[in-house]
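**Student:** Letter by letter, the chains look like this.
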Amino acid sequence: MNNLKKRQAADGAVVAGLGVWLLIHSVTHLLNMKAKASWIMSPYLFPLILAGAVIILGLTILIPAFAADDRKETTDQEKHGNSLRVFILLAISIVYDILMRFAGFIPSTAAVVLAMTAFLGERRLKILIPMAVFTPVVLTLIFKVGLGVRLP
Amino acid sequence: MKKVCWVVMLIAVLSMISGSVLADYPFSSVTMIIPYGAGGTTDLVGRQFATALGKVLGTTFVPENQGGASGSIGCQAALDATKDGSVVLFTAESLGTQRVMDISKLSYADFSPIMAVANDPKVIVVSGDSKYDTIDALLADIQANPYTVQMSYTGPGGSGHVQALIMNQYNYFPAMTAYSGGSDCYLAVMSNQVVFTNSNYSTVASYIESGDLKLLAIAGTERMAQYPDVPALSEKMENSEKLLSIPYTPLSLLVAKDVPEDIQEQLRNAALEAVKDPDFVAFMEKNNIEKLYEKYPTLEDIRSFYKQWESTVSWLLYDANAATFSPEEFGIPRP
Amino acid sequence: MQTIQGILPLMTDLRFIFFVMIGAVSGLFVGAIPGLSVSMATALLVSITYTWQTSDAMATIMGVYVVGVFSGALSAILINIPGAPSSVVTTLDGYPLSKSGNAYKALVYATWYSFIGSVFGLVVMGILAGPITAMALRFHPMDYFLLALFGLTTVGGLTSRNFSKGLVSACIGIFFSLIGMDSVMGTPRLTMGIQNLKAGIPTVPALVGLFGFAEVLTVVCQGITDGKVLRIHQEKILLREVFREFPRSMLYCVIGTFVGALPGAGGPVASFLAYGQAKRIVRHPSRPFGEGAVEGIVASESANNACIGGALIPMLTLAIPGDAVTAIILSVFYIHGLQPGPTFLKTGKIHFYEILAGGLIACVFLLLLGLLVAPRISKVINVPKRILLPIVVVLCVIGAYACNRRVFDVELMFFFGIVGFILRRRGFPIAPITLGLVLGGMMDSNFRRAVSLASTTPNPILSMFGRPITVILLILTVSALLGQTPVVKKLLRKKNISV
Chain D
4 MNNLKKRQAA DGAVVAGLGV WLLIHSVTHL LNMKAKASWI MSPYLFPLIL AGAVIILGLT
64 ILIPAFAADD RKETTDQEKH GNSLRVFILL AISIVYDILM RFAGFIPSTA AVVLAMTAFL
124 GERRLKILIP MAVFTPVVLT LIFKVGLGVR LP
Chain Y
6 MKKVCWVVML IAVLSMISGS VLADYPFSSV TMIIPYGAGG TTDLVGRQFA TALGKVLGTT
66 FVPENQGGAS GSIGCQAALD ATKDGSVVLF TAESLGTQRV MDISKLSYAD FSPIMAVAND
126 PKVIVVSGDS KYDTIDALLA DIQANPYTVQ MSYTGPGGSG HVQALIMNQY NYFPAMTAYS
186 GGSDCYLAVM SNQVVFTNSN YSTVASYIES GDLKLLAIAG TERMAQYPDV PALSEKMENS
246 EKLLSIPYTP LSLLVAKDVP EDIQEQLRNA ALEAVKDPDF VAFMEKNNIE KLYEKYPTLE
306 DIRSFYKQWE STVSWLLYDA NAATFSPEEF GIPRP
Chain V
2 MQTIQGILPL MTDLRFIFFV MIGAVSGLFV GAIPGLSVSM ATALLVSITY TWQTSDAMAT
62 IMGVYVVGVF SGALSAILIN IPGAPSSVVT TLDGYPLSKS GNAYKALVYA TWYSFIGSVF
122 GLVVMGILAG PITAMALRFH PMDYFLLALF GLTTVGGLTS RNFSKGLVSA CIGIFFSLIG
182 MDSVMGTPRL TMGIQNLKAG IPTVPALVGL FGFAEVLTVV CQGITDGKVL RIHQEKILLR
242 EVFREFPRSM LYCVIGTFVG ALPGAGGPVA SFLAYGQAKR IVRHPSRPFG EGAVEGIVAS
302 ESANNACIGG ALIPMLTLAI PGDAVTAIIL SVFYIHGLQP GPTFLKTGKI HFYEILAGGL
362 IACVFLLLLG LLVAPRISKV INVPKRILLP IVVVLCVIGA YACNRRVFDV ELMFFFGIVG
422 FILRRRGFPI APITLGLVLG GMMDSNFRRA VSLASTTPNP ILSMFGRPIT VILLILTVSA
482 LLGQTPVVKK LLRKKNISV
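Residue numbers (my numbering), protein chains in the order written: chain D, 4 to 155; chain Y, 6 to 340; chain V, 2 to 500.
Hints were generated in silico from the structure; no laboratory data involved.
For glycine and all other residues, C-beta sits at the position ideal for the given N, C-alpha and C.
Watch out, some of these pointers could steer you wrong.
[To be verified] Residues of chain V placed beyond 12 Å of chain D at every Cβ, according to the derived structure: (1) Leu129; (2) Pro132; (3) Arg139; (4) Cys222; (5) Leu239; (6) Arg249; (7) Thr348; (8) Ile351; (9) Asn383; (10) Arg387; (11) Val411; (12) Arg427; (13) Asp445; (14) Pro459.
[To be verified] Covered stretches of chain V (in silico footprint by chain D; criterion: 3 or more residues with CB under 8 Å from a CB of chain D, positions within the stretch not fixed): (15) 54-64; (16) 388-396.
[Unchecked claim] Among chain Y residues calculated to face chain V with C-beta under 8 Å, some are: (17) Asn70; (18) Asp107; (19) Leu111; (20) Gln155; (21) Ala183; (22) Tyr184; (23) Leu192; (24) Met195; (25) Pro233; (26) Asp234; (27) Ser239; (28) Val286.
Let the hints inform the model, and build the full structure from the sequences given.
**Tutor:** In structure tokens:
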């Protein structure tokens with residue numbers, strides 16, 4: 004079993020697993036339903052059907068992974084990535100989210116734009132500083148004043 | 006440089022259109038959440054009222070439809086919004102029944118009333134090419150074939166549902182299917198998905214005129230001036246006056262309870278002025294809408310009306326086995 | 002003839018044209034920014050225009066509407082973030098094309114076919130409003146359900162090499178759409194105890210996250226390849242070449258207009274269906290679909306713009322809005338004391354002309370602005386990623402926040418960004434998720450309504466599937482499903498039948 008097949012099997016298993024979770028969730032709710040309401044109009048009828056579809060789809064991904072078919076399938080995302088960079092970016096975003104609640108839009112955006120641009124490889128201060136200042140100010144002007152959209 | 010010029014010009018133009026920046030209350034725009042879809046009765050009256058209110062306060066009331074789940078989604082949104090009077094709620098009756106129906110934990114108690122504005126009479130309509138020409142024929146068929154004559158309604162606990170429950174008490178059992186709004190209900194009738202529905206008169210008036218819908222009865226106790234020949238439902242069901250005389254679609258203007266008193270006061274005064282607006286009055290009269298602000302003129306009247314309404318309808322739903330929780334659990338006394 | 006007489010005075014009224022222009026310029030701007038939707042812009046406009054004359058208000062709103070729907074394509078093509086759900090399909094071919102340095106070409110095609118689509122939809126509205134309403138009224142809950150299902154099945158096969166993975170994406174979208182208050186029974190479901198989820202998953206933050214933030218994560222993950230500046234092919238694009246797609250675009254326009262006329266379906270469905278048809282009827286695309294085929298841009302843009310005319314039809318004839326923007330236009334009528342409904346086409350004829358004329362003038366502005374802006378804006382692709390990405394992140398945050406003013410939506414946006422990123426890495430296409438998200442609620446409620454209606458009739462199966470429209474849709478859906486399954490494909494290939 005090559006790497007590609009392993010990935011495919013994993014994908015299929017995860018999808019089928021999610022389907023099973025949804026199935027259990029919906030069935031519990033359908034069973035716990037008060038008797039007087041009809042099952043047809045129950046909100047969990049459709050999730051149940053969806054769960055069935057997802058499980059079947061998961062299996063159609065999972066099973067061919069074990070089949071002895073070795074024709075070359077190209078997947079789009081085979082390039083190797085740097086997951087550390089992704090985590091750092093996510094961390095910055097989370098900080099942004101928290102900062103926004105306390106510090107307001109302009110300061111938090113300035114700080115985050117500064118951090119993110121620097122992280123992405125821009126080192127020249129004459130670009131970093133204006134960006135950090137102008138992005139939040141210009142955006143505030145456009146959105147809050149220009150369009151009347153409220154900002155965080 | 007050229008680019009900068011472009012941006013500056015664009016901003017200038019846009020700020021020109023959008024008018025001045027926010028100031029003190031009343032803000033340059035106030036959002037009026039209408040927790041039902043566009044085109045329903047709450048929407049229609051709400052929009053008219055919004056225009057009238059805007060004129061009085063010299064600001065814009067922007068109606069915003071946030072439909073779904075018997076109105077609870079929009080009500081919740083109004084509660085979650087900033088409590089500075091920038092968001093007001095214009096809603097129908099479902100706030101009184103959401104708790105017993107297990108739709109939400111909301112009730113009238115979470116809001117402060119500004120005004121009980123209107124009650125839109127309910128009418129029973131069938132499609133223009135329906136085989137039923139009189140309410141008697143329809144009722145006879147429903148009675149002869151329980152659970153087969155189809156009716157569309159706006160969801161559990163809504164006014165359509167409550168009235169169907171009243172019909173049940175008189176041994177009429179239509180087959181009911183829930184739709185997501187008043188307009189969906191009468192569209193379902195027009196496209197022959199269902200046989201009849203009980204719509205609010207103002208929403209279907211133009212369809213009755215154009216012949217797309219047939220008016221069979223007024224689902225209340227009084228006939229209408231425009232249609233003196235169309236019977237009221239209470240004439241067809243004995244001893245039903247008490248149940249049918251309640252305003253089933255009371256439309257009210259509310260704000261979240263925590264909105265500052267002075268802003269509530271401002272809104273209340275504006276509302277009292279707004280109902281005198283000639284356009285608004287003309288609209289109400291043209292559509293046969295009951296003026297609840299005359300029936301319940303003071304805030305005390307409104308509060309006691311809510312209490313009475315909540316108890317009548319909650320127990321009606323519970324006794325018909327349609328409610329999930331007993332009204333007792335929420336301290337709602339039996340009427 | 003009478004209609005032409007009605008709109009001519011408006012088409013030559015300078016004041017009217019001026020107001021359309023204001024709308025068009027704002028529409029261009031708002032539509033192009035991810036997260037700022039056309040419906041939001043129109044809603045804002047209503048609050049500004051309510052003191053104006055009805056004709057001025059209509060002119061401005063039509064300008065925003067027509068140009069705003071088009072300009073969603075700009076950000077879709079240039080930075081792979083669709084401005085609105087209906088531009089999602091445009092990203093499939095538009096972005097690859099602009100990545101290879103042909104952004105200008107993509108923009109020119111998008112402009113021309115948005116123009117053609119808009120004009121087509123509006124003309125159809127002007128001529129055939131009555132018959133189309135009658136047809137739309139024949140659609141019962143089961144038909145809506147099947148239409149949605151049909152849209153989803155074609156999509157599954159379109160956007161990924163693996164049919165199952167495409168469908169899984171669609172199912173994920175449906176799953177997310179089911180979260181929140183159930184619109185039929187009004188009880189919360191699948192909220193996992195999170196109070197904020199009771200209101201459901203809003204489309205815009207999800208869209209911005211799935212495309213915008215996920216794109217940022219993907220680029221960061223793969224490492225930034227700045228330095229090699231793309232050479233922009235600003236070759237002269239021959240009109241004759243652009244118009245080669247014209248005959249086929251008529252089909253997409255028909256799809257767009259009709260789907261637009263069905264309340265609740267709208268732009269995303271139309272563009273996906275049109276794209277599905279394009280894949281079937283274009284035998285030799287300029288490049289393979291999904292790698293920058295202009296034929297794909299043509300399908301998506303002509304269909305979603307044709308939706309405009311379609312969506313206006315039920316609003317005018319039944320006072321039922323076909324989408325969010327028409328719901329707002331409806332409110333403009335009410336604010337100005339008009340009563341839309343079945344008699345409106347007779348009593349409010351002048352306003353009908355205003356909408357038609359405003360729309361047509363807006364189409365002209367669409368073309369002018371599009372062709373004017375395209376060469377300038379296509380350089381965005383050359384802004385260094387390290388500068389562009391932080392700005393994109395901030396725009397994503399604003400877009401997510403602006404529509405409901407909840408910080409929770411910003412968190413949702415980040416969440417969907419991560420989901421989109423992971424799915425992309427595993428080869429699941431993103432586009433079907435948005436369609437599932439848009440259609441899921443409609444599928445669920447209509448399905449249950451159909452079952453509920455049928456359950457009280459003597460013959461449930463017949464009453465569910467016995468109507469001609471239902472039969473046609475059922476056949477279409479089942480054949481689309483079967484035609485894409487590997488087993489059937491193999492069988493057909495053996496027998497040398499091409500599908």
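**Student:** All hints, please: hold or fail.
**Tutor:** Each hint, compared with the structure:
Every Cβ of chain D is farther than 12 Å from the Cβ of leucine 129 (chain V); the closest lies at roughly 35 Å, confirming the non-interface assignment. Against chain D, the non-interface label of proline 132 (chain V) holds: every CB pair exceeds 12 Å, the least being about 33 Å. Once the 12 Å rule is applied to beta carbons, arginine 139 (chain V) is consistent with being away from chain D; the minimum gap is 24 Å. For cysteine 222 (chain V), the shortest C-beta to C-beta distance to chain D comes to about 4 Å, within the 12 Å cut-off, and the non-interface label is violated.
With a least beta-carbon separation of about 32 Å from chain D, leucine 239 (chain V) lies farther than 12 Å from that chain, consistent with its non-interface assignment. Non-interface call for arginine 249 (chain V) relative to chain D: holds, since the shortest CB-CB distance, roughly 27 Å, exceeds 12 Å. Every CB of chain D is more than 12 Å from the CB of threonine 348 (chain V) (nearest about 34 Å), matching its label as outside the interface. With a least beta-carbon separation of about 30 Å from chain D, isoleucine 351 (chain V) lies farther than 12 Å from that chain, consistent with its non-interface assignment.
Separation of asparagine 383 (chain V) from chain D is adequate, the least Cβ-Cβ distance of about 16 Å exceeding the 12 Å criterion. Look at arginine 387 (chain V): its CB is around 4 Å from the nearest CB on chain D, not clear of 12 Å, so calling it non-interface is violated. The beta carbon of valine 411 (chain V) sits about 6 Å from the closest Cβ of chain D, which is not more than 12 Å, so the claim that it is off the interface is violated. Its beta-carbon lying about 5 Å from the closest one in chain D, arginine 427 (chain V) breaks the requirement of being farther than 12 Å from that chain.
The Cβ of aspartate 445 (chain V) does not lie farther than 12 Å from every Cβ of chain D; its closest approach is about 4 Å, which violates its non-interface assignment. At roughly 17 Å from the closest C-beta of chain D, the C-beta of proline 459 (chain V) stays outside 12 Å, upholding its exclusion from the interface. Interface restraint, the stretch 54-64 of chain V with chain D: violated (0 residues with C-beta to C-beta distance below 8 Å; minimum three). Counting residues of the stretch 388-396 of chain V whose C-beta lies closer than 8 Å to any C-beta of chain D gives 7; at least three are required, and the coverage claim holds.
At a threshold of 8 Å, the smallest CB-CB gap from asparagine 70 (chain Y) to chain V is about 6 Å, leaving the interface hint in force. Because the closest C-beta pair between aspartate 107 (chain Y) and chain V is about 6 Å apart, less than 8 Å, the hint holds. The beta carbon of leucine 111 (chain Y) is not positioned within 8 Å of any beta carbon in chain V (closest approach about 11 Å), and the interface hint is therefore violated. Here the hint on glutamine 155 (chain Y) is kept, as its CB sits about 6 Å from the closest CB of chain V, short of 8 Å.
For the restraint placing alanine 183 (chain Y) at the interface with chain V, the shortest Cβ-Cβ distance is roughly 5 Å, inside the 8 Å limit, so the hint holds. The beta carbon of tyrosine 184 (chain Y) comes within 7 Å of a beta carbon in chain V, closer than 8 Å, and the hint placing it at the interface holds. For the restraint placing leucine 192 (chain Y) at the interface with chain V, the shortest Cβ-Cβ distance is roughly 6 Å, inside the 8 Å limit, so the hint holds. Using the Cβ-Cβ criterion of 8 Å, the hint placing methionine 195 (chain Y) at the interface with chain V is satisfied: the shortest such distance is roughly 6 Å.
Interface restraint check for proline 233 (chain Y): the shortest CB-CB distance to chain V comes to about 22 Å, outside 8 Å, so the restraint is violated. Because the beta carbon of aspartate 234 (chain Y) sits about 22 Å from the nearest beta carbon in chain V, more than 8 Å, this interface hint is broken. The criterion of a C-beta within 8 Å of any C-beta in chain V is not met by serine 239 (chain Y), whose closest approach is roughly 27 Å, and the hint is violated. Using the Cβ-Cβ criterion of 8 Å, the hint placing valine 286 (chain Y) at the interface with chain V is not satisfied: the shortest such distance is roughly 13 Å.
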